[in-house]
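2 protein chains.
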Amino acid sequence: MAKKPSIPKGTRDFNPEEVARRNYIFNTIKETFSLYGFQPIETPSFENSDTLMGKYGEEGDRLIFKILNSGDFLSKVDEKLYTEKNSIKITSRISEKALRYDLTVPFARYVVQHQNEITFPFKRYQIQPVWRADRPQKGRFREFFQCDADVVGSTSLWQEVEFVQLYDTVFSSLGLKGVTIKLNNRKILSGIAETIGAEDKLIDFTVALDKLDKIGEEGVKKEMREKGISEDALVKLQPLFSFKGSNDEKLNALKNMLAASQLGMKGVTELEFITKNINSLGLQMASLKIDVTLARGLNYYTGAIYEVAAPAEVNMGSIGGGGRYDDLTGIFGLKNMSGVGISFGLDRIYLVLEELNLFPETVSNTSQALFINFGEQESLYAMKAIKKLREAGIKAELFPDEGKMGKQMSYADKRNIPFTVLTGEKEIAANSFTLKNMKSGEQMQVQYTELEKYLGQTN
Amino acid sequence: MAKKPSIPKGTRDFNPEEVARRNYIFNTIKETFSLYGFQPIETPSFENSDTLMGKYGEEGDRLIFKILNSGDFLSKVDEKLYTEKNSIKITSRISEKALRYDLTVPFARYVVQHQNEITFPFKRYQIQPVWRADRPQKGRFREFFQCDADVVGSTSLWQEVEFVQLYDTVFSSLGLKGVTIKLNNRKILSGIAETIGAEDKLIDFTVALDKLDKIGEEGVKKEMREKGISEDALVKLQPLFSFKGSNDEKLNALKNMLAASQLGMKGVTELEFITKNINSLGLQMASLKIDVTLARGLNYYTGAIYEVAAPAEVNMGSIGGGGRYDDLTGIFGLKNMSGVGISFGLDRIYLVLEELNLFPETVSNTSQALFINFGEQESLYAMKAIKKLREAGIKAELFPDEGKMGKQMSYADKRNIPFTVLTGEKEIAANSFTLKNMKSGEQMQVQYTELEKYLGQTN
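Top to bottom, those sequences are chains A and B.
Residues in the first sequence are numbered from 1 upward in steps of one, following the working numbering.
Residues in the second sequence are numbered from 1 upward in steps of one, following the working numbering.
If you're looking for bench data, these hints aren't it; they were derived computationally from the structure.
Be a bit skeptical, because a hint or two may be false.
The list treats identical chains as interchangeable, and a pair is accepted whether it falls inside one copy or across any two copies.
What the hints assert, rightly or not - Taking lysine to aspartate or glutamate and the EDC-like style, the derived pairs with C-alpha atoms no more than 16 Å apart in a straight line are:
id : residue 1 : residue 2
1  : Lys9      : Asp210
2  : Lys4      : Asp50
3  : Lys55     : Asp327
4  : Lys182    : Glu194
5  : Lys221    : Glu378
6  : Lys201    : Glu58
So that you can see chain A by itself, here it is in the shape it has in the complex (with noise of 0.2 Å):
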């Protein structure tokens, strides 16, 4: 084969240095999931191809990817149905499993299954891949990781105040100043749409609203008129296109303007309290702010909204997102399971620190010294010492052929290792070792405690 090989689109090789900042920042919201007491669950890649279809949407049914039956697949399809040729009929009958489209069918689906063996309120997170078989652009991939924290099983509102401090944990551990958490909840979208005669019209009314950053006012009037919404609303609506100044300042705005819905004022009693108590509590490097506009999926949240903002130098988007759904096991028949959860858009936090420099330089995670190779006896006189550095927690190797010092000295540099030891014959009869400096050149001549001392402080 001549040909140089390659890896499907929408899906990517991360070399040493990428796995290594990937792993910070999956490592960093690990630990404070770890912290608020979310405890870590995974699922199987693929999931039996009923658990998965239908519940994204039609869009959604043709982004999943499926897997072909093993064996002679096509001796399942009866005649009629192969003569036909209709690959979207002939689907379910030579596939039967389906790769992961996003890690909240999975939970769901987990949540049922194991409904018995779950102490409930269930605070679980999950950070695996997913597929989705999507147009790849930039910044979208067929093969990504998504990152999940919910509770479900308890309908306490604390759980809303516990990830707004969550994001802010994460982020600030990050050191990414300038985050802003937006939150809204569904409970005021109806009760705003209820107020201006809209109920019918909630999905369309919210869609246009949620543009009115891209698209302004204007924009978002016009589109709100040609979904039929009337002039008589639109006025009503007036406030909400200059809502602005202090969280409570928008509560106070938004008492007076839903103080007829019963359902949109339940709506401003929740953000209040998630509000009231952040400010006592106090937030790290993030701010919190309410955005009537925020809408995100609608169909699906029953509460609270939450989306993240990146810092507003960085043209990123959001970087997190979630909110309440009160009907999430319903699709596998367990009623009534209320659930809250959150997520980390990976990919754009990545950028983002990468963006700004924030990765520490200690991430890359290579070795803290190499030990040059003079031949077989220097050699075992560096083994001894390797050993017990790495006794001693301390990262070192050997290069492993004998040869010009020059090349073993560029290696050590390519790696980015920052320091080289040599044993010759004159640190041997001295039972020492060289130590040089890669970066400043320095080179000092010192006994294995020093060594190790000196490694270990730098490591």
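With chain A's structure known, arrange chain B on it following the hints.
The following block gives chain B in isolation, referenced to the frame of chain A:
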């Protein structure tokens, strides 16, 4: 949907405790890899079919999971082929991608594809799931993790030495005593075949010899006779059947036996280099044992062959293996790239640690303290303390709902949370906390500083 949902056969859900235990093994291995200078890469879950097909033999091709093309996949199948209704022939027309079957072929593909970016020798590790359409049975899954470390681009035997050390470090870190690292060399096997005049029957000969443990001397001889190995040859083989003693004694016996075979003697020299240097360096808990019956995928290996046996008291077979291969990347057109690598059998290691009760108790990673929910004001008081505890790295959480204390205590119990904290009126008035040890039932009223100190010590 009333039917309780399930997952495809041969796949698994992992609950929080299982994930924690698996991660304990993964993390121990990763830290060791890192100490030895290995760096992680990751490759996509699916590859182009032509990258995988034809690399694992006919049986392997059958066991590879194929992904159905998106869209109207049948439109690309011409009428003539379609009419044949032949599953095997049609597969390559309706499926262009396939799930990873192991980590070795994707690694070879990675090395060839990225050869200009890689600094050789390249020490990489990779821990990712693989998929095989095998018939599921006890301990054999359709989705499982592989865990490989390889060095490519050097023929130095120090790498063989290091892999013995690496196995020893990992299993010692896991507290697993009595592990045997079995070592052989393909050149020894070739040398023996040469010596007994059965070069043309090398595979048959080694496949039979590999069964010595299972079917005994007479069984092996019977199989060899059936494969056409002469009585004369069997006589020459006799020393192998009573091959006992120390590694040095075995090396001496091999030197006598293989004196006439240049290749065989090369194998002896290689084995000797490894055992001699391991003797000088010493191992922690594992032992290294020359085993000339060891063959493992002989066609693949060209030098050292490793296999790791679990401690004798558990009936588990091999928990790791590997060896040197001289032409890993040749299948993708890059010649003369020697490599050596090992892998860890994660699922079996898990079972061994479970059977021997070697998982540390702290692995489960549950919260250190559950704060009981007495109502909104009490909860805010609790949340302020929880926030400070988390900032100090202590895992703590509030029970989200106000409710019966018994229910909340039972929740802590079920989740194995070792402490509960009570913040009622009395505690708030005294600016204090009542800390309850869930195991002993002991309670004490403390100030925040003591609370943090106490929970921190036991975290």
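Same-copy or cross-copy closeness of Lys221 to Glu378 [CA-CA at most 16 Å]: Close neither inside one copy (79 Å) nor across copies (46 Å); limit 16 Å.
Intra- versus inter-copy proximity for Asp50 and Lys4 (alpha-carbon distance at most 16 Å): between (38 Å within a copy, 12 Å between copies)
Lys9 and Asp210: within-copy, between-copy, both or neither at 16 Å Cα: neither (32 Å within a copy, 43 Å between copies)
Same-copy or cross-copy closeness of Lys182 to Glu194 [CA-CA at most 16 Å]: neither (23 Å within a copy, 75 Å between copies)
Alpha-carbon proximity context of Lys55 and Asp327, limit 16 Å: within (13 Å within a copy, 47 Å between copies)
Within, between, both or neither, where Lys201 and Glu58 count as close if Cα-Cα is 16 Å or less: neither (22 Å within a copy, 59 Å between copies)
Of the hints listed earlier, those the structure fails to meet are numbers 1, 4, 5, 6, in rising order.
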